[in-house]
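Protein chains in written order, with the working numbering: chain A, 1032 to 1149; chain B, 3 to 115.
Keep in mind that the hints are not guaranteed to be accurate.
Just some of the chain B residues that point at chain A, by a computed CB distance under 10 Å [as the list claims (entries may be wrong)]:
#: 1; residue: Tyr38
#: 2; residue: Phe51
#: 3; residue: Phe63
#: 4; residue: Ala92
#: 5; residue: Asp97
#: 6; residue: Lys102
Within a straight-line C-alpha distance of at most 30 Å, the following computed DSBU-like cross-link-like pairs (lysine-lysine) qualify [claimed, not checked]:
#: 7; chain 1: A; residue 1: Lys1088; chain 2: B; residue 2: Lys69
#: 8; chain 1: B; residue 1: Lys58; chain 2: B; residue 2: Lys44
#: 9; chain 1: B; residue 1: Lys4; chain 2: A; residue 2: Lys1088
#: 10; chain 1: B; residue 1: Lys69; chain 2: B; residue 2: Lys58
#: 11; chain 1: B; residue 1: Lys4; chain 2: B; residue 2: Lys58
#: 12; chain 1: B; residue 1: Lys69; chain 2: B; residue 2: Lys4
#: 13; chain 1: B; residue 1: Lys44; chain 2: A; residue 2: Lys1088
#: 14; chain 1: A; residue 1: Lys1088; chain 2: A; residue 2: Lys1044
#: 15; chain 1: B; residue 1: Lys4; chain 2: B; residue 2: Lys44
#: 16; chain 1: B; residue 1: Lys44; chain 2: A; residue 2: Lys1044
None of these hints come from the bench; they were simulated from the model.
Owing to the predicted nature of the structure, the values given are computational and were not obtained by experimental measurement.
Note that beta-carbon positions come from the ideal geometry of N, C-alpha and C, so glycine has one too.
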Amino acid sequence: KAGVTQTPRYLIKTRGQQVTLSCSPISGHRSVSWYQQTPGQGLQFLFEYFSETQRNKGNFPGRFSGRQFSNSRSEMNVSTLELGDSALYLCASSGLRVGVNSGANVLTFGAGSRLTVL
Amino acid sequence: QKEVEQNSGPLSVPEGAIASLNCTYSDRGSQSFFWYRQYSGKSPELIMFIYSNGDKEDGRFTAQLNKASQYVSLLIRDSQPSDSATYLCAVNKFDTGFQKLVFGTGTRLLVSP
């Protein structure tokens, strides 16, 4: 079973440009979450998509956006890049919830897209 | 106060020892707790999850949960150099009716031969 695939793996952009990152979840998984990871802040939640709908959003500016397609593949876009956007962007898919009540997503992460903004 | 707090470490233990990693969380409504391991340059991978008070064992790993104290821990028995990594604690948090996983910044574990 193929894992979570993220493309591109590495990219370099300059300030003011925009970038689009892609994520293909594990087959059958309908939930896709995006996280930003930086050395100082750790993993920060960006947003979650389920069946083409954004279910939850983190505390990031509107320059960060995403979408999900009918085949569950997801993209995230960052416009007007800033130096502080340099980070590892991780996508995670989920097909299993565990725990009590409505449970929690068990996340499987992709290898990430490392973005460097110059 | 951070939603999920971990000591950044590094926590250094000799090979064969027990490594104890700790995590506290602020939201009493959180009910599911996860431990992920992240090797340098790699993405996080799930070790185990727990949602009932007490201990849960999986091989050399034991997760411990105390909801009254809002405390989660991970014990690694018979630590191996290959266990050297950053361990991330994650807690589910409900927001606008849906849940998300909130991660701590991780504890770096170093196991020396």
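Hint check results:
1. Checking Tyr38 (chain B) against chain A by beta carbon gives a least distance of about 8 Å; that is within 10 Å, so the hint holds.
2. Hint on Phe51 (chain B) holds. Least Cβ distance to chain A is approximately 6 Å, under the 10 Å limit.
3. A cut of 10 Å between beta carbons decides the hint on Phe63 (chain B): the least distance to chain A is about 16 Å, and the hint is violated.
4. Of the supplied interface hints, the one on Ala92 (chain B) holds, with its beta-carbon coming within about 8 Å of a beta-carbon of chain A, less than 10 Å.
5. Annotation: interface hint on Asp97 (chain B) holds; nearest CB of chain A at approximately 6 Å, less than 10 Å.
6. The interface hint given for Lys102 (chain B) holds, since its Cβ lies 5 Å from the closest Cβ of chain A, which is under the 10 Å cut-off.
7. Taken as a hint, the Lys1088 (chain A) and Lys69 (chain B) pair is honoured in the structure, with Cα atoms around 26 Å apart against an allowance of 30 Å.
8. For the hint linking Lys58 (chain B) to Lys44 (chain B), the alpha-carbon distance of about 26 Å falls within 30 Å, and the restraint holds.
9. Annotation: proposed proximity of Lys4 (chain B) to Lys1088 (chain A) holds, straight-line Cα distance about 18 Å (limit 30 Å).
10. Between Lys69 (chain B) and Lys58 (chain B) the alpha-carbon distance is near 14 Å, which keeps this suggested pair within the 30 Å criterion.
11. At most 30 Å may separate the alpha-carbon atoms for a hinted pair to count; Lys4 (chain B) and Lys58 (chain B) meet this at roughly 26 Å.
12. A hinted pair counts as satisfied when its Cα atoms are at most 30 Å apart, and Lys69 (chain B) with Lys4 (chain B) qualifies at roughly 17 Å.
13. Of the supplied pair hints, the one linking Lys44 (chain B) and Lys1088 (chain A) holds, its CA atoms being roughly 25 Å apart against a limit of 30 Å.
14. Only pairs whose Cα atoms come within 30 Å are accepted, and Lys1088 (chain A) paired with Lys1044 (chain A) is accepted, the gap being roughly 25 Å.
15. Straight-line distance between C-alpha atoms of Lys4 (chain B) and Lys44 (chain B) comes to about 25 Å, which keeps the hinted pair within the 30 Å bound.
16. With a CA separation close to 22 Å, the supplied pair Lys44 (chain B) and Lys1044 (chain A) stays within the 30 Å bound.
Consistency note: the structure conflicts with earlier hint 3 alone.
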